[in-house]
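There are 4 protein chains.
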Amino acid sequence: MQATDYDIPGDFRHWDGDAAEDHIGPFFYRPVAGGIETAFRPRPHNCNSSGAVHGGVLMTFIDYTLCVAAVAGTDERVVTVSCNSEFIAAARPGALLIGRGEVIRRTGSLVFTRGTIEADGETVLTASAVVKRIRR
Amino acid sequence: MQATDYDIPGDFRHWDGDAAEDHIGPFFYRPVAGGIETAFRPRPHNCNSSGAVHGGVLMTFIDYTLCVAAVAGTDERVVTVSCNSEFIAAARPGALLIGRGEVIRRTGSLVFTRGTIEADGETVLTASAVVKRIRR
Amino acid sequence: MQATDYDIPGDFRHWDGDAAEDHIGPFFYRPVAGGIETAFRPRPHNCNSSGAVHGGVLMTFIDYTLCVAAVAGTDERVVTVSCNSEFIAAARPGALLIGRGEVIRRTGSLVFTRGTIEADGETVLTASAVVKRIRR
Amino acid sequence: MQATDYDIPGDFRHWDGDAAEDHIGPFFYRPVAGGIETAFRPRPHNCNSSGAVHGGVLMTFIDYTLCVAAVAGTDERVVTVSCNSEFIAAARPGALLIGRGEVIRRTGSLVFTRGTIEADGETVLTASAVVKRIRR
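Chains as they are written, first to last, in my numbering: chain A, 805 to 940; chain B, 805 to 940; chain C, 805 to 940; chain D, 805 to 940.
If you're looking for bench data, these hints aren't it; they were derived computationally from the structure.
Please note that a few of the clues may not be correct.
Simulated restraints on C-beta separations [unchecked claim]: (1) HIS849/D <-> THR808/C: 49 to 55 Å; (2) ASP879/B <-> PRO897/D: 35 to 41 Å; (3) ALA893/B <-> VAL836/C: 23 to 29 Å; (4) ALA837/A <-> PRO813/B: 34 to 40 Å; (5) THR927/D <-> ARG881/B: 36 to 42 Å.
Just a sample of chain A residues kept apart from chain C, beta carbon distances all over 10 Å, derived [to be verified]: (6) ASP820; (7) ASN888; (8) GLY898; (9) ARG910; (10) LYS936.
Note that the structure is a prediction, hence the values are computed from the model and not measured.
For glycine and all other residues, C-beta sits at the position ideal for the given N, C-alpha and C.
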């Protein structure tokens with residue numbers, strides 16, 4: 805999948821193999837200083853009965869964002885233990901949503917993360933997640 | 805949409821008009837003593853790269869469950885203010901997911917809710933949400 | 805410390821050795837079917853400027869409750885990873901606060917817990933916590 | 805109460821009238837660019853059986869921090885609706901704890917806040933809270 809097909813800058817990359825994320829998204833990511841940035845262009849089928857992007861869709865996007873941040877470019881696998889979201893403002897379909905994920909601390913078994921989603925520069929969601937590192 | 809088309813008992817009803825919930829779900833609900841029960845039969849396109857139902861899909865389903873519980877059969881409109889989820893166990897596609905939502909307290913402006921998702925009788929997610937009542 | 809000195813039923817027991825819990829509480833516990841019950845009789849020095857029991861005091865009491873539930877009568881040690889609380893109603897000093905803690909799931913490294921605090925039979929707080937088991 | 809009596813820089817101020825905060829703290833605050841900074845010097849009676857500052861004490865301090873941030877120097881009154889905390893690392897008695905609170909958005913009825921606690925420059929807690937504005 806190509807970011808530019810969704811009107812997302814071409815340096816955002818796709819992570820193949822997650823059917824749910826492609827079905828709801830697709831979502832894209834790029835490394836930035838201090839963490840990760842993700843991108844998503846929601847469409848009408850992502851919206852609730854008020855015409856705003858559904859809270860569940862936003863939570864899926866931030867879960868993706870925080871897991872990508874936790875993995876941090878390695879091939880480590882992680883699972884989300886808990887995810888808390890606050891819905892700050894409504895996001896509209898067609899807007900470019902940018903997620904930002906930050907690792908607060910990585911312990912031997914857990915990663916503490918925090919993030920935001922912005923729509924056209926306005927914060928629409930804040931979240932934190934505790935992520936478990938899966939040892940192989 | 806008919807619950808029975810998704811191998812869900814026929815007394816579960818569908819709430820029309822939410823494109824995202826139909827795209828990710830569909831989800832169904834029925835009133836029960838003390839709250840609401842919801843149902844969802846996840847499919848492969850709802851799954852992550854490990855073949856388990858994606859956390860974002862589960863959060864979408866519990867958000868639906870808690871909002872249906874908050875609305876409680878009225879035509880009131882609500883928006884989610886915050887939603888906290890713990891991922892207790894993996895859910896597999898094909899399993900019958902049953903959500904349960906409970907209203908802890910309804911104030912003039914907010915509804916405090918709590919819920920669970922079970923897959924074949926095992927708890928896979930616990931959540932709480934604060935929901936805002938929209939006055940018309 | 806004796807529960808009866810704080811007008812708490814005498815079958816509630818004290819857990820010695822936690823200075824902060826004694827300074828803010830004291831708190832007491834007893835096993836019940838399906839989990840743990842805790843008790844606390846807040847006093848004026850536990851209250852905020854509105855004369856209600858301070859939210860931080862309630863969070864301390866629920867953290868105690870959920871850790872006692874997680875430990876479940878063993879000598880295992882645990883630390884709280886995350887704790888989410890919703891403030892349902894105000895609690896007044898002098899009321900008998902009863903905490904209830906429930907273990908949703910115990911994995912090899914984590915315990916998922918959930919609980920409530922009631923004041924004179926009314927729910928004043930709901931909470932969930934993820935607790936880490938400390939291996940010795 | 806004077807910050808300097810607790811080995812806290814003298815430009816931190818005290819907010820009088822909250823018995824619980826003085827009993828657990830005292831806590832101090834000062835305005836900074838983009839929000840609020842708070843200070844607390846924990847003592848042995850604030851610690852758990854492991855000798856670390858008790859999680860409930862940290863949650864009380866962050867609740868204070870986020871409410872001070874929400875009030876933002878006005879005489880508005882607020883109550884906490886929900887408060888989510890992640891315990892990132894242990895804090896030791898005697899360390900200077902610095903809280904930081906940030907208002908993400910202020911609506912007509914709610915304030916969305918987020919914050920951290922650092923001990924000697926290391927993050928020990930992250931939190932978010934939804935706070936309700938009390939109309940007089």
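Status of each hint after checking the structure:
A beta carbon spacing of about 24 Å between HIS849/D and THR808/C contradicts the range 49 to 55 Å that was offered as a hint. Between ASP879/B and PRO897/D the beta carbon distance is about 55 Å. The supplied range of 35 to 41 Å is therefore violated. Checked against the hint of 23 to 29 Å, the pair ALA893/B and VAL836/C passes, with Cβ atoms roughly 25 Å apart. Hint check: ALA837/A to PRO813/B, Cβ distance near 52 Å, so the stated range 34 to 40 Å is violated.
Range check, THR927/D to ARG881/B: Cβ separation about 39 Å, and the 36 to 42 Å hint holds. No Cβ of chain C approaches the Cβ of ASP820/A within 10 Å, the least distance being about 29 Å, so the stated non-interface status holds. Remark: the non-interface label on ASN888/A conflicts with the geometry, its nearest Cβ contact in chain C lying 6 Å away (cut-off 10 Å). Under the 10 Å C-beta cut-off, the non-interface status given to GLY898/A relative to chain C holds; the minimum distance is some 33 Å.
With a cut of 10 Å on Cβ distances, ARG910/A stays outside the contact zone with chain C, its closest approach being about 14 Å. Listed as a non-interface residue, LYS936/A fails to keep its Cβ farther than 10 Å from every Cβ of chain C; the least gap is roughly 8 Å.
In summary, the structure is inconsistent with hints 1, 2, 4, 7, 10 from the numbered list given earlier, while agreeing with the others.
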